[in-house]
Each structure stands twice: as C-alpha cells, then as structure tokens.
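Quick mapping for you: the protein sequence lines, in order, are chains P and Z.
Once you know that position 89 of the first sequence is 89 in this note's numbering, the rest is easy, because the numbers rise by one and skip nothing.
Once you know that position 101 of the second sequence is 101 in this note's numbering, the rest is easy, because the numbers rise by one and skip nothing.
If you're looking for bench data, these hints aren't it; they were derived computationally from the structure.
Keep in mind that the hints are not guaranteed to be accurate.
Since the list gives no way to pick out one identical chain from another, each pair is judged satisfied if it fits inside one copy or across any two copies.
Claimed, not checked - In silico BS3-like pairs for lysine-lysine, Cα to Cα no more than 27 Å straight-line:
| hint | residue 1 | residue 2 |
| --- | --- | --- |
| 1 | Lys91 | Lys170 |
| 2 | Lys44 | Lys33 |
| 3 | Lys375 | Lys144 |
| 4 | Lys162 | Lys144 |
| 5 | Lys91 | Lys368 |
| 6 | Lys368 | Lys302 |
| 7 | Lys44 | Lys375 |
| 8 | Lys114 | Lys144 |
The structure presented is a predicted model; accordingly, all values stated were derived computationally and were not measured.
There are 2 protein chains.
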Amino acid sequence: MKSISGARLGILGGGQLGRMLIQSAIDFNLYTKVLDPDPEAPCKDLASSFHTGSLTDYQTVVDFGQDVDVITIEIENVNCDALEELQRQGKRVYPTPESIRTIQDKGAQKDFYKANGIPTSEYVLLEKGDEVAAHTDLLPAFLKLRREGYDGRGVQKIETLKDAEDAFDKPCVLERKADIAQEIAVICARRPSGQVVAFPAVELFFNPEHHLVDYLFCPSSVSEALQQQAEDIALQVTAGLDVLGLLAVEMFVTTDGKVLVNEVAPRPHNSGHATVRANHTSQYEQHLRAIFDLPLGSTAIKIPSVMVNLLGEAGFSGPARYEGLNEVMATEGVYIHLYGKLLTRPFRKMGHVTVIDTDLAAAREKAKFVQHTLKVKA
Amino acid sequence: MKSISGARLGILGGGQLGRMLIQSAIDFNLYTKVLDPDPEAPCKDLASSFHTGSLTDYQTVVDFGQDVDVITIEIENVNCDALEELQRQGKRVYPTPESIRTIQDKGAQKDFYKANGIPTSEYVLLEKGDEVAAHTDLLPAFLKLRREGYDGRGVQKIETLKDAEDAFDKPCVLERKADIAQEIAVICARRPSGQVVAFPAVELFFNPEHHLVDYLFCPSSVSEALQQQAEDIALQVTAGLDVLGLLAVEMFVTTDGKVLVNEVAPRPHNSGHATVRANHTSQYEQHLRAIFDLPLGSTAIKIPSVMVNLLGEAGFSGPARYEGLNEVMATEGVYIHLYGKLLTRPFRKMGHVTVIDTDLAAAREKAKFVQHTLKVKA
Chain P
1 MKSISGARLG ILGGGQLGRM LIQSAIDFNL YTKVLDPDPE APCKDLASSF
51 HTGSLTDYQT VVDFGQDVDV ITIEIENVNC DALEELQRQG KRVYPTPESI
101 RTIQDKGAQK DFYKANGIPT SEYVLLEKGD EVAAHTDLLP AFLKLRREGY
151 DGRGVQKIET LKDAEDAFDK PCVLERKADI AQEIAVICAR RPSGQVVAFP
201 AVELFFNPEH HLVDYLFCPS SVSEALQQQA EDIALQVTAG LDVLGLLAVE
251 MFVTTDGKVL VNEVAPRPHN SGHATVRANH TSQYEQHLRA IFDLPLGSTA
301 IKIPSVMVNL LGEAGFSGPA RYEGLNEVMA TEGVYIHLYG KLLTRPFRKM
351 GHVTVIDTDL AAAREKAKFV QHTLKVKA
Chain Z
1 MKSISGARLG ILGGGQLGRM LIQSAIDFNL YTKVLDPDPE APCKDLASSF
51 HTGSLTDYQT VVDFGQDVDV ITIEIENVNC DALEELQRQG KRVYPTPESI
101 RTIQDKGAQK DFYKANGIPT SEYVLLEKGD EVAAHTDLLP AFLKLRREGY
151 DGRGVQKIET LKDAEDAFDK PCVLERKADI AQEIAVICAR RPSGQVVAFP
201 AVELFFNPEH HLVDYLFCPS SVSEALQQQA EDIALQVTAG LDVLGLLAVE
251 MFVTTDGKVL VNEVAPRPHN SGHATVRANH TSQYEQHLRA IFDLPLGSTA
301 IKIPSVMVNL LGEAGFSGPA RYEGLNEVMA TEGVYIHLYG KLLTRPFRKM
351 GHVTVIDTDL AAAREKAKFV QHTLKVKA
C-alpha cells in the first residue's frame, strides 16, 4: 500500500463523527471524500470533497467509491451490497461489509453473541411485536427493532403484556431487562495485519431522576477485575465479528457482577469523544491508523475526563444560539466541541464538552456545572 | 460581540500554522477565510474559503478583510497599513497592526526592550552592514536584517571584522553574541479584556555536532527560578507590546544565569506544536480564545513532550515521499503531523512529530530514533 499521506479516504456519512475524523485526517494529509444525504451535514465545508446522496442507495454508494483508496463509515445504515461490490473491485472497505451486515441487524448480533459464548442478556427473535405474548417469561424486557434503531429510537420498554399492545409491527428482538448496576463502553481497534487494542472503559452516568445519560467519565468506577473482563469481551467481539477499524462495545455490569454485551457500533463512537483530549491516542486517529493498517497507538489515559453531550434544549427549534459559552469556558479544564449544525431541535446532538482534571471527582462537578449552564436554544 | 460559533475569521497566511489553527477552529464552528500568495498553500483545501494573493499588498489585504469579523495572522510579513485601515473600518484585528509593526522591525523590537528595561543582548542599529567597523567592541556578534528575516535567513555571524566584508547592505541590528547555556521559548496569550497567561517554557536542544536545533522539549531543564523569571519577562513583553492573541518569546539563558529576550513572534509558533497533545489547552485553541475574547485555557502540562521538526532531506527536491512512517508510528507515544506540502526541498518544514511519554528522558530517546528513521525524500 502506498503511504497514507495523500491517500484518498471515502467516508459514508458526514455527521459529527465524520467531522472529527476529518480533523484527525488532516494530521496525515489525507484527501477526504464524504457522502451524506443532508446538504448541510457537519462535514460539508471540511471534507476535501463533499457529495450529497443516499447512503442506502446501491448505485450512489458504488459510484461514490470509484476514486478512493479506502472506504469507511461513520454511520452503520449504509448499503452493504454496494460495499461488497466495491470490495470485489479491489477497494479496501473497512469495516468490512460482512461485519457491518451483522451489526446492522440486532437479531444477527444477538445470534453471534450466543454462538460465540459472549455474555448477553437472554432474548428471542420475533417476526412481529405481537408475538411477545408467547414469551412473557422474558418480561420485563425491551423490544428492539432488528434494523435501523438509532440513538434510543426503535426501542420499547415492555414491563407487562399490556405494554405490548402498540408493539412494533416489524422483526424485533425481545430482550430480558438486565439488573444493571453500571453501563460502560469499551472501544477497540483492529488492523488488517491483526493487531488489536482496547481503550480503557468509559462509564455512563445516568441522572437518577429522569434516567437519561447525564455524562460519561473515564476511568470508570468499575472494579479492575470487571474492567479487565469487559475489555477481554470487547476484544473477543471485535475479532469474532472480524471488524477492521474501530468497534465500540456497549456493556452492562449487572447487580450480580456480570458483564453483558448490550450492542456494538463499528465506527468512532459518542463514548470515545474524550479520547481526543484525555488519552494518548484519540479514537479518530486510532480508526485512521487501523484502516490504513498502521501501528495502533497507545490507548493510555493522560488525564481523567468527563464528556457531556450538548443537546438541543427542549422547546427550541431553529437557528442555534449557544447560552453560557463564556461561563463554562472560564472553568479550568472545560473544552467545547461544536458540530456546526445550523438548526437546533429538542435533544439534537449539537456538540459536546470535554472536561479534564487530574481529579475525576472535580471533573464530574464541573460537568454538572456545564450541564446547568450551557444551553442550545433558538 | 456575537457568539464565536459561526463567526468569520480571516487568516493572513495559509501555511502549517494556519492549517493547525483551522483544525482547532473546527471545534468552535468558525468560518475560516485564508489569504496566501501560494495557490498550493497547506490551508488551501481546509479553509472554508481560500484566496490567492499577496499579504503585503495594501488593496489585496483590505479587500480580503471586508467580510470577516476578526482578522489574524499566521506570519508577520503582512501589510500593516491595510490592517490599520481595516481597524478604522471597525474590524477586530488581533494582533493589532501597531504591535505587528514593532515586531516586523528587529530594530524597533530591540529599542522597545531597551526602553522598557527588558533584558536583551547589547546591540546597535546600523544603516548598512559596513558600519560594523565602528562597533568592533560588540564582536563576536550577529548581524540581523531589521526586516523580513525568517527561519534563520537574514542573519550573519560576525566573529571578526573580516566576516563583515560581505555584510548586508540594508538596515541591520548588530547584536553582541551572548554566552548561551540554554535556549527556551515561552508562549503567552492575552485577550482584549486583559487576561494574560503563559505556557510553560519549552527548551531547544541543539545537536552538539552541527549546532542546529535537533528537537524541543517540555518541561525544560531550566531551574524553576529562571523559568519563573522567563515567564515574567515574557508576560511583560506581551503586555508592553500590547499584543492580543499569542506572543511567542524566544529567550537565551546565559552561562552566568541571566535570561535575555532574543526575539518574538505574535502568532502560533513552532515551539508550541506539542501543546496540542501535551498541554491542557493547545496554542491554537488559546489563540482563538484570545482573539475572540473568551476565557483563556489552562496551560498546564498533561504529559512531558518532545517535538521534532520534519524537514526535507538534503539533496532531495520534488514530490514528497515519507520514509519510516511505519517504524516511528510503531513506537509508543509518537504522533505524526504532516503539513500537506506537495513538494519537498532541502530543510523545508514538511511536518513535525510529537513524542509524549510520562518519562521525558524516554521521550527524548524516542525523538532521536524518529530523527534517524523518518525521512522526507523525493
């Protein structure tokens, strides 16, 4: 393979993950070509060339890939047939279409875990949600669409059979609700030559009132033994799915001390944002090293960190306006990352804030301040 | 002032410093407009809009600045009359044209140090190099062109009067050669509201054989007391010159334990590259915070670092080819930053490498390995 400098990288998806991938690609002098259906996508002004088009349309994706050296994704919902055709044509497609295909289907994901002895919560595959009635032994449970669920969409909580009345009318996974003590994520990277490494686990902190993720922090509070177990599992999943590039593995630590795989994403991940400022190597650089088959970087922590998603404030839609930027930036160790989205809407991911501090507890306090102070309104 | 998000930043100069400034500007969702005489400048594909034109032509610079909110520089050799006109029109120009004007002229710089009691080596201003004969008491000395010297160009070493035979035929500074124990640089940042901070000193390591800078490292080996003195001096120069944005202050520590200011640059600086990976705030983000009058970030060190300039190998000119990338990237803590310059030529700055390690001595060893291994050829 020729040098990474000047190589042409095709990226399917032009959102914030693509944006941060491009920021890192600049260090390697990569040419970046981006495809996204939204002409106003966050990458539009940053990519070396930006193209508007459907990621799920076969011909669009095949055509897009003609003049690049390596093709990667920043969102899983892409046309895998097209990626397979590009692979046949000799393009390097990482992650491979085969691994994306398995991951696109939550049912296939679950079957993979089961077949490979990877701990995951008990489940059954349903053709339609109304089949829940035959599996009341799994309740309370979550009903998840097998395809195209994203950011919490496509999930129904089924406590009792009554909740299944409006159940999805499509193929689903019915999954027993785990007794969760903690939620963590481990991001792994794997390169074609075989090297595979894991980042230290990141822990999700949920607001005790409304049960939404408040912030993520690293290092996690999980015991070293469980952390090692989580890392081993994540590495096993990465190799088992034959992922090349990054794989983010979201896991539950149960109240009885087990680690269960929840779901995975074969790309840079929300839980890895803080690596840019807090780890030796960022997840974005690691992804580039992996897909260009270069030596993977150290994942060691430079400094403890907390990451807060900056979501569009409820009740506001329209051109985004940021309130409190000055106040939060006046706090030592607070760093702003805006995604360049023109329009805000309730809960839209508009940016994130990374807080670093040699003292994790202090960083968590600062993160709370950031959450109360920084608002995206219209 | 309106929010930084979406603001329009004009940058005079499209080289590697502009490139890394843009990488940081992405985090704030800035629109970046760049002017450079070279249509192939490193910023050409990264700026939101890139314009080819002279930085020293009055009308070109005035026209360029019409539709931006803030104007800054990444090289000092710009038309200050044009910047003053833009300032008159109500544009925010940081650094101010007045401070750039003083810094552009090494003679005015020296007079400023003298007038403000800032320690600097003894000197005299000459209309032409042949006046050296009247100042043999200052020898051995350096003869520096007052204007447009850059990266070691425009400097002559005058040991004896014989060396003055081919002396510059233009206005110069004749400067007594200091007995240098160490060379350091301190980068300061100052914002319109008045806040001013300094980064920890970076030390230059010279190859004992050929006396060229081999690498820079941080923290420096200079005593804490001298480091504090250097920082105080750098802050004093920054305020005294009324610099807004960054000021890199290069200093000598003499064999008899004095700190002398060598020269300054009012912009991101080569000696600050490692801040991207090694300090809480990078020099690029700090410059943006300063010129948009936002709270300045912590300059604390996250991890010790060494920075190696990646120069075009002697004897090679033409399309650049990078040798040894794989080997150096396989070394833990080694990070590559390429500037996207198509053509290499002897000693051209083609990129840099940052080495981070909790043990500075180990980082210095790795830096030596990088220097022996990574080559830019044609």
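Results for each hint:
Taking the closest pair of Cα atoms, lysine 91 and lysine 170 never come within 27 Å of each other, the shortest separation being 34 Å inside a single copy and 58 Å across copies. When the C-alpha separation of lysine 44 and lysine 33 is checked against a cutoff of 27 Å, the pair qualifies both within a copy, at 10 Å, and between copies, at 16 Å. For a Cα distance limit of 27 Å, the shortest separation of lysine 375 from lysine 144 qualifies neither inside one copy, at 31 Å, nor across copies, at 53 Å. In this assembly of identical chains, lysine 162 and lysine 144 lie within 27 Å of each other by CA distance solely inside one copy; the values are 17 Å within and 86 Å between copies.
In this homomeric assembly, lysine 91 and lysine 368 never come within 27 Å of each other (Cα to Cα): the closest approach is 46 Å inside a single copy and 37 Å across copies. Within a single copy, lysine 368 and lysine 302 get their C-alpha atoms as close as 22 Å, and across copies as close as 23 Å, so both meet the 27 Å cut-off. Proximity of lysine 44 to lysine 375 under the C-alpha cut-off of 27 Å is restricted to the intra-copy arrangement: shortest distance 25 Å within a copy versus 34 Å between copies. In this assembly of identical chains, lysine 114 and lysine 144 lie within 27 Å of each other by CA distance solely inside one copy; the values are 17 Å within and 74 Å between copies.
Of the hints listed earlier, those the structure fails to meet are numbers 1, 3, 5, in rising order.
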